[in-house]
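**Q** Order-wise, the sequence lines are chains A and B. Numbering-wise (the working numbering), the first sequence opens with residue 949 and increments by one. Numbering-wise (the working numbering), the second sequence opens with residue 949 and increments by one.
Derived from the structure by calculation, the hints contain no laboratory data. A few of these clues could be false.
Same chains, same label: a pair holds when it works inside one copy or across any pair of copies.
Restricting the straight-line Cα-Cα distance to at most 30 Å, the calculated cross-link-like pairs of lysine-lysine (DSS-like) are [said to hold, decoys possible]:
{"id": "1", "residue 1": "Lys1151", "residue 2": "Lys996"}
{"id": "2", "residue 1": "Lys996", "residue 2": "Lys981"}
{"id": "3", "residue 1": "Lys1097", "residue 2": "Lys1252"}
{"id": "4", "residue 1": "Lys1151", "residue 2": "Lys1252"}
{"id": "5", "residue 1": "Lys1032", "residue 2": "Lys1238"}
{"id": "6", "residue 1": "Lys1097", "residue 2": "Lys1257"}
{"id": "7", "residue 1": "Lys1062", "residue 2": "Lys1257"}
{"id": "8", "residue 1": "Lys1252", "residue 2": "Lys1104"}
{"id": "9", "residue 1": "Lys1032", "residue 2": "Lys1179"}
{"id": "10", "residue 1": "Lys1238", "residue 2": "Lys1097"}
{"id": "11", "residue 1": "Lys1104", "residue 2": "Lys981"}
{"id": "12", "residue 1": "Lys996", "residue 2": "Lys1179"}
{"id": "13", "residue 1": "Lys996", "residue 2": "Lys1032"}
{"id": "14", "residue 1": "Lys1238", "residue 2": "Lys1179"}
{"id": "15", "residue 1": "Lys1257", "residue 2": "Lys996"}
There are 2 protein chains.
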Amino acid sequence: MKKTHIALAVATLALCSAGLAEAANDEPITPIKPAANINLGQVELGKKLYFDPRLSKSGFISCNSCHNLSLGGTDNIPTSIGDKWQQGPINAPTVLNSSLNLAQFWDGRAADLKAQAGGPIANPGEMGFTHDLAISVLQSIPGYVREFKQVFGADKIEIGDVTAAIAEFEKTLVTPNSRFDQWLLGRSDALTADELAGYNLFKNAGCVACHNGEAVGGNSYQKLGIVEPYKTTSGAEGRAAVTGDDADRFNFKVPTLRNVELTYPYFHDGAANTLTEAVDIMGRLQLGRKFSASENAKIVAFLKTLTGKQPSFLLPILPPSSDATPRPTPFGK
Amino acid sequence: MKKTHIALAVATLALCSAGLAEAANDEPITPIKPAANINLGQVELGKKLYFDPRLSKSGFISCNSCHNLSLGGTDNIPTSIGDKWQQGPINAPTVLNSSLNLAQFWDGRAADLKAQAGGPIANPGEMGFTHDLAISVLQSIPGYVREFKQVFGADKIEIGDVTAAIAEFEKTLVTPNSRFDQWLLGRSDALTADELAGYNLFKNAGCVACHNGEAVGGNSYQKLGIVEPYKTTSGAEGRAAVTGDDADRFNFKVPTLRNVELTYPYFHDGAANTLTEAVDIMGRLQLGRKFSASENAKIVAFLKTLTGKQPSFLLPILPPSSDATPRPTPFGK
């Protein structure tokens, strides 16, 4: 009872000082909007492709293996497992809200989701296949041939249509209606006093300089390790791998903090297991600020209010292979 | 038009000679009944566990990895991929309708689904974990602790409750309403003339001696290679591994033929890629009969009418790990 009273009092004070209507308008974070301009035929087809391990050499790895929609759109391991259990070089970013990113991959080497979707299929360390082989598999599956014809109007399946359909499905994977967004939209009791205090700290300490906008990140490249260098065994170079400019070394796309409660471990090398650890490291390395345990806990409490409505859809049932379908080769060369 | 006429004529003849009412009663295959006596709390919890890769050492492999419900409840590769990409010794049997089996695994070494569910978690070649470690993971996840308490009434999670919940979910994975079952239940136009001819061949040639009942198999152990020996590089011994009796060598549980269109490749070693091949081999080795191409095609057409309603449910969203959750170890020892 007492606790609730205090929480309400603090929340009320916060609202009084900020003014409810302006709160939402003036905030550096904006509510996630539900997906719009969606082609539902492409979404349903793309959803099947997203879950189909036949797009990999082994027949075992699908998009959902590393961007698992039961687990916040990621795999919750430091770096992903690829064909033949190869260890990936970098932490799998969440697919949730990835349509809001300025570009895809940690180094932004793909301009958009469509350009990204083709990457892992043909990456020898990930799905280990080729686009030609993936197409020959899909073209041999009557259920897919019919659905591609229905959606794209052509008899011949093209890789560009495959990646367009996957990207269209991914556009639906936004997560609106988090408690924080409810607060932004005017539900003043959506946050506790601690969560609100955490948000104010997040703003005042400067986290918001990089983590802002609809995705609370994802809209700029920033150097990791501004005040202190970031120590890692990871060989990932960041943006320099794309631009060839040494000044871009260790520049990474700022990850979204939406659903960050679900997307552990953190950073491009997946080295931080907990939000407490991640907030502490970010404070010291990026802002030159050592958060106290109490400050850290409040920021973490705020971050957990960014968990939104997770994707909700029926598990797709995939069309069966035909006698003509090339079989996967999980073992052997 | 002509084709339809002939089909109808043949179907009508078949019905006349058999008599519709008796048809269903006299047939050696019986329709699948929807699941009954189901505990929905256990189902919802078991569904989450079934999809949760945190029950594996790597954090990458779940029950659904090898018994993929998007793919007919199996993985569609000859033998499964386990922890660190180990090659499994045997073809993953479908989980669909597995509640109808007389026992679980190809050699029947688990009495029921509950006994089966614990096996892969602790098998070093499959999920590579231990029951104790799996429990310590689940017990550290607040969302699971609450749900286990709600469903089983205890604060402490027990492995027996984990496997009971998974088994309860699996009991729901029956596939009623196949076209063949519709025909059994009186919809006389549910099968084409070829499919019906295939069914009659299936009965008359003797396939039905082993493949009968609700699951069209799954209710007896039989020797593979009665007339001619079965040639394989697989070391699986069959029932002898359980009974220790050499007479049981190469005795395997007869697989269900329900949804067999989806569960390729076939046999305990996954050596047959197509139904055509499987029917040919079964005819020669088990029955001493070489089916003509036309006979084979009819039997295959019949088998494809056994595809039933696939499981239909929302992709489960899993409760997040806490700071205390032991992290998976996909690489290293």
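**Q** Look at each hint and say if it fits the structure.
**A** Results of checking the hints against the structure:
1. For the identical chains of this complex, lysine 1151 and lysine 996 are neighbours neither inside a copy (40 Å) nor across copies (37 Å), given an alpha-carbon limit of 30 Å.
2. With identical chains, the CA atoms of lysine 996 and lysine 981 are at most 30 Å apart both within one copy (24 Å) and between copies (28 Å).
3. Taking CA atoms no more than 30 Å apart as the test, lysine 1097 paired with lysine 1252 passes between copies only; the shortest distance there is 24 Å, against 43 Å inside one copy.
4. In the homo-oligomer, the alpha carbons of lysine 1151 and lysine 1252 lie at most 30 Å apart inside one protomer (16 Å), although the nearest pairing across protomers, at 61 Å, exceeds that limit.
5. In the homo-oligomer, the alpha carbons of lysine 1032 and lysine 1238 never lie at most 30 Å apart, since the shortest distance is 42 Å inside one protomer and 40 Å across protomers.
6. Within a single copy, lysine 1097 and lysine 1257 get their C-alpha atoms only as close as 33 Å, which misses the 30 Å cut-off; across copies the closest is 25 Å, which meets it.
7. For a Cα distance limit of 30 Å, the shortest separation of lysine 1062 from lysine 1257 inside one copy, 24 Å, qualifies, whereas the shortest one across copies, 33 Å, does not.
8. For a Cα distance limit of 30 Å, the shortest separation of lysine 1252 from lysine 1104 across copies, 26 Å, qualifies, whereas the shortest one inside one copy, 46 Å, does not.
9. Taking identical chains as interchangeable, the C-alpha atoms of lysine 1032 and lysine 1179 lie at most 30 Å apart whether they share a chain (29 Å) or sit on different chains (28 Å).
10. When the C-alpha separation of lysine 1238 and lysine 1097 is checked against a cutoff of 30 Å, the pair qualifies neither within a copy, at 58 Å, nor between copies, at 39 Å.
11. Neither within a single protomer nor between protomers do lysine 1104 and lysine 981 lie at most 30 Å apart by alpha-carbon distance, with minima of 35 Å and 41 Å respectively.
12. Taking the shortest alpha-carbon separations for lysine 996 and lysine 1179, neither the intra-copy value of 40 Å nor the inter-copy value of 37 Å comes in at or below 30 Å.
13. In this assembly of identical chains, the alpha carbons of lysine 996 and lysine 1032 lie at most 30 Å apart whether taken from the same copy (23 Å) or from different copies (27 Å).
14. Within a single copy, lysine 1238 and lysine 1179 get their C-alpha atoms as close as 17 Å, which meets the 30 Å cut-off; across copies the closest is 68 Å, which misses it.
15. Taking identical chains as interchangeable, the C-alpha atoms of lysine 1257 and lysine 996 lie at most 30 Å apart whether they share a chain (21 Å) or sit on different chains (17 Å).
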